[in-house]
Amino acid sequence: MRIAHNAIFLCGMVLSLGMTMATAQNAGTSSGYPTPKGDFTPAEQRGHGLYLRYCFECHGVAGDGEGDTAPFIDPKPRNFTLAVFKCRSTPTGTLPLDKDLEDTIERGIVHSNMPSWRPLRQEDRADLVAYIKTFSARWKTEKPGEPIKIPAEPAVTADRIKDGQAVFKRVECWKCHGVEGRANGPSADTLTDDQGRPIKPFNFHDSDRFKCGSTDQDMYRDFMTGLDGTPMPSFADNIKPDEAWDLVFYLRTLQPPASVNKKEKEIAKQLGLKPINPNAPAQSDSNQQQNNQPQSK
Amino acid sequence: MKTRYKLAGMLTALLLVVVGIFSLSSNVSAAGEGKITGTVKLTGTPPHAKTIDMSKDPVCQKAHAGDPAKVETVVAGADGGLANVVVYISEGYSGGATAATNPVSIDQKGCMYQPHVVAVDVNQPMKVVNSDQTTHNIHPLPAPGAGNTGWNKSQPPGSAPFDVTWKAEEIAIPVKCNIHPWMHGYIAVVKGPYGTSDDKGSYTIDNVPPGSYTLTAWQEDLGKQTAKVTVAAGKPGTADFTFKAK
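In order, the protein sequence lines correspond to chains U and A. Using our numbering, read the first sequence as starting at 41 and increasing by one per residue. Using our numbering, read the second sequence as starting at -16 and increasing by one per residue.
Worth flagging that the hints you see were computed from the coordinates, not collected in a lab. Note that the structure is a prediction, hence the values are computed from the model and not measured. The beta-carbon is built from N, C-alpha and C at its ideal position, and this holds for glycine as well. It is possible that some hints are incorrect.
Among chain U residues calculated to face chain A with C-beta under 7 Å, some are [what the hints assert, rightly or not]:
(1) Leu122
(2) Phe175
(3) Lys215
(4) Pro226
(5) Thr230
(6) Leu231
(7) Gln235
(8) Ser274
(9) Asn278
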């Protein structure tokens, strides 16, 4: 009887050991996620597991932005097979840096269904980026662009805010964003993204937060890189660094009061800043040039 | 001894000059002589070209005061000549890019693209101009995976023109302006010599080496047609195309 018990116990041990080993072999990685097919790197494999846990419901198993929830979401989830990304530190038409994508995952995209994935570990976000890059051949044939340079932020002054408003008028931000930045410019209603889907311009009075980050530096970068895939173009050829800072300060005056724009709002109030009149003749260029001299600030 | 060296040197120099002249002249005859000409016609009733309402931008509207601009999807002349058709060699040309360095240009003028269809060789510079006193954003949308990448640049009034090139053959890349939703155009990126039909439907393809080719004519709405053509030294090839209105 005792021998029989021992035999059963031994058999059980052997069986469970065998099963554990088999499971460990199947898992492939220590994370316990299923082993993906193909010739993925370890980072891509780990990213694949994370993707199937956190991302595929919106972005789709194929990465095409056609997940089960996609029909109910606006703006639509990113289609990774196109390798076109809004939030980049690189010029329009170029691939973003890995860091840009990691930042987007960490930050999330406000005013959309993309949540912040700050609870994930930094390594996890890096693995997800490695996996997302397997969806498009562009990552094999092209290199990310050279990141644009953001010079040190100058101090905000009344002159800078006035000049920023002149830039807003000159490069015609108001055509889409409206003369007061209320997203009601003459072209606002007809805007479409690269897939032809309707898209709205940003209403500066709605929020002090932006899709690609909410700091002054993030705003500066948005003008220079454009948001690829959307109607927002790059102004890198047409706005000088100094003018871009002026524009940042002016746009801050339009946003709801918050700690980030306290000073700008105060100056705008003192100035009694009125919305632009696009039909009025442009301010004299020489005057504007003068104001753009750094020493005049 | 010295004279022998001198003689050898002179002979070598002479040889080099002769070879040089030969290679030059053969280049000229290969690239310069051949030509393909023809006309593109439209049969049937041309579609009604709708008038474009530009009232949302007074600058655009003013540019067409008294003569509103029309949609340019199919542009046919009085004698049936079909404009904006790109004719290019789709088979038989092995010369690679023509190394054309003369910049072609696309001008945003009167809030329309001029020309409406621009053809350009792979890697040939294409100049982007804004002649209007209004801001345009120029936004080409290449097909994913075709080898070209899209971008989106703003050109406020008075902006300097800029050059771009395209890496891969693509017939054709749509281009649009998000600010002016009626603005549509095409950039046809071809490999080798090409021509574009004018408002009489005539086209000319220069710099075609002698040989037998298949030509393709592309129209944005009516699709593609092909024709065979032979170009002999000193004798241009001709090929006419007829598209049927939808």
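- Ascending list of hint numbers which this structure does not respect: Result: hints 2 and 7 break, sorted rising.
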